[in-house]
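Peer 1: The primary structure of each chain is shown beneath.
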Amino acid sequence: CGAVVMAQKGARPYDRIGEQVFAKVDKINAELFTLTYGSIVTQLVKDYEDLGEVNTQLEKMGYNIGVRLIEEFLARSNVGRCADFTETAEVVAKVGFKMFLGITANVTDWDAEKKEFSLVLDDNPLTEFVELPESYNKLWYANILCGVIRGALEMVQMKVEATYVKCVLHGHDASEIRVVLKEILTDEIPASMRDE
Amino acid sequence: MGIKVVCASVIGKSNNPLYIRCFDNTEEPLKFHYIVHSALDVVEEKSTAKKGASLDLYLGMLYPTEDYRVYGYTTNSKIKFIIVVQEDGDSHDQAIKNFFRKFHVLYANTVANPFYTPDDLITSRKFNEELEKQVKTV
Numbered sequence: 001c002g003a004v005v006m007a008q009k010g011a012r013p014y015d016r017i018g019e020q021v022f023a024k025v026d027k028i029n030a031e032l033f034t035l036t037y038g039s040i041v042t043q044l045v046k047d048y049e050d051l052g053e054v055n056t057q058l059e060k061m062g063y064n065i066g067v068r069l070i071e072e073f074l075a076r077s078n079v080g081r082c083a084d085f086t087e088t089a090e091v092v093a094k095v096g097f098k099m100f101l102g103i104t105a106n107v108t109d110w111d112a113e114k115k116e117f118s119l120v121l122d123d124n125p126l127t128e129f130v131e132l133p134e135s136y137n138k139l140w141y142a143n144i145l146c147g148v149i150r151g152a153l154e155m156v157q158m159k160v161e162a163t164y165v166k167c168v169l170h171g172h173d174a175s176e177i178r179v180v181l182k183e184i185l186t187d188e189i190p191a192s193m194r195d196e
Numbered sequence: 197m198g199i200k201v202v203c204a205s206v207i208g209k210s211n212n213p214l215y216i217r218c219f220d221n222t223e224e225p226l227k228f229h230y231i232v233h234s235a236l237d238v239v240e241e242k243s244t245a246k247k248g249a250s251l252d253l254y255l256g257m258l259y260p261t262e263d264y265r266v267y268g269y270t271t272n273s274k275i276k277f278i279i280v281v282q283e284d285g286d287s288h289d290q291a292i293k294n295f296f297r298k299f300h301v302l303y304a305n306t307v308a309n310p311f312y313t314p315d316d317l318i319t320s321r322k323f324n325e326e327l328e329k330q331v332k333t334v
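So the protein lines, in turn, are chains A and B.
Under the working numbering, the first residue of the first sequence carries the number 1, and numbering increases by one thereafter.
Under the working numbering, the first residue of the second sequence carries the number 197, and numbering increases by one thereafter.
Extracted from the complex, chain A is given alone in its bound form (with noise of 0.2 Å):
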């Protein structure tokens, strides 16, 4: 009964260590957070006027954001290597999302070869007080996100591709995000830095 109990602990530390993390970092008003986003998604519609583009961008501008949060992370919440895939999704879910966006995410829909996962959010404070005019159905209002994934995750070399698949704005119960490990990379420079 007591080997029980410490498997239950044992499999879900990081929802512990992303609580403490989170209580550590700095904070900032959400309603400031949300318009400053709200802000630069409407300019880069107006900007680039085709939404397929505009998600480019704004994926684009999460990979500059994921390749430099990674560090501040890592320095900050003290994990370790992870052994597999599994444990990264882990990671990401419950101490990434917590520490910069004070949300935990769910991480579902394995595959076969543990090579892809889903991660679920219920709300994203990004999207808090967005309403998506109808015209609008193209667009991924929230693709930092899944630019910051594959961004911090090219650092601690693996390569991913993440795409949304569900909105809360499309009006999906829950937003999803499908990460895919494409391949582990082996000490490479890391194609931003390579062609510049």
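Simulated from the structure, these hints should not be mistaken for laboratory data.
Glycine included, C-beta positions come from ideal geometry on N, C-alpha and C.
Hints are supplied without guarantee of correctness; some may be wrong.
DSSO-like, lysine-lysine: derived pairs with alpha carbons at most 30 Å apart [to be verified]:
1. A:166 <-> A:138
2. A:166 <-> B:329
3. A:46 <-> B:274
Derived Cβ-Cβ restraints for the label pairs, each shown as a range [as the list claims (entries may be wrong)]:
4. A:39 <-> B:274: 21 to 31 Å
5. B:223 <-> A:25: 39 to 49 Å
6. B:317 <-> A:171: 16 to 26 Å
7. A:157 <-> B:274: 55 to 65 Å
8. A:157 <-> B:301: 42 to 52 Å
9. B:301 <-> A:133: 14 to 24 Å
10. A:184 <-> B:212: 53 to 63 Å
11. B:325 <-> A:174: 26 to 36 Å
12. B:282 <-> A:24: 54 to 64 Å
With the hints as your guide, set chain B onto chain A.
Peer 2: Frame of chain A; chain B shown alone:
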């Protein structure tokens, strides 16, 4: 309790209507549009009456008609909320004040939407639904 909000409206800075919604299906909406429009004059009067003294946001009863009473509420950004209520007996000032407070919060949330430009017509579905809920629980 005896209060029924039959019409709620949001009026913009230049007295342009941003939102008018009638909850009473028996009456013609145009009648309420007219009532709200005439109420704007009273709002102007009340806003310029007290010189220098700070004005409470809640303007109180603007004027009574045969079956209805009109209440107003203004904000520092010159946005006005005007409601037409049907009430029997004494006026339930506190309930009306509470309603306006929630109405104001609802408006602020709608303006926070980055896809909504202030002074546009309010077409938000969330705003409509929330307002309905609030009207039911006055």
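Peer 1: Does each hint fit the structure? Answer for all of them.
Peer 2: Evaluated hints:
1. A:166 <-> A:138: The given pair, whose Cα atoms are some 11 Å apart, holds under the 30 Å limit.
2. A:166 <-> B:329: Holds. Residue 166 (chain A) to residue 329 (chain B) sits at ~28 Å (cutoff 30 Å).
3. A:46 <-> B:274: 28 Å, holds
4. A:39 <-> B:274: 21 to 31 Å: About 23 Å separates the Cβ atoms of residue 39 (chain A) and residue 274 (chain B), which means 21 to 31 Å holds.
5. B:223 <-> A:25: 39 to 49 Å: 56 Å, violated
6. B:317 <-> A:171: 16 to 26 Å: 22 Å, holds
7. A:157 <-> B:274: 55 to 65 Å: The hinted range 55 to 65 Å holds for residue 157 (chain A) and residue 274 (chain B), with Cβ atoms some 57 Å apart.
8. A:157 <-> B:301: 42 to 52 Å: 48 Å, holds
9. B:301 <-> A:133: 14 to 24 Å: 23 Å, holds
10. A:184 <-> B:212: 53 to 63 Å: At roughly 60 Å between Cβ atoms, residue 212 (chain B) and residue 184 (chain A) fall inside 53 to 63 Å, so the hint holds.
11. B:325 <-> A:174: 26 to 36 Å: At 20 Å between Cβs, range violated.
12. B:282 <-> A:24: 54 to 64 Å: 55 Å, holds
Going down the numbered hints, you'll see the structure goes against 5 and 11, while the others check out.
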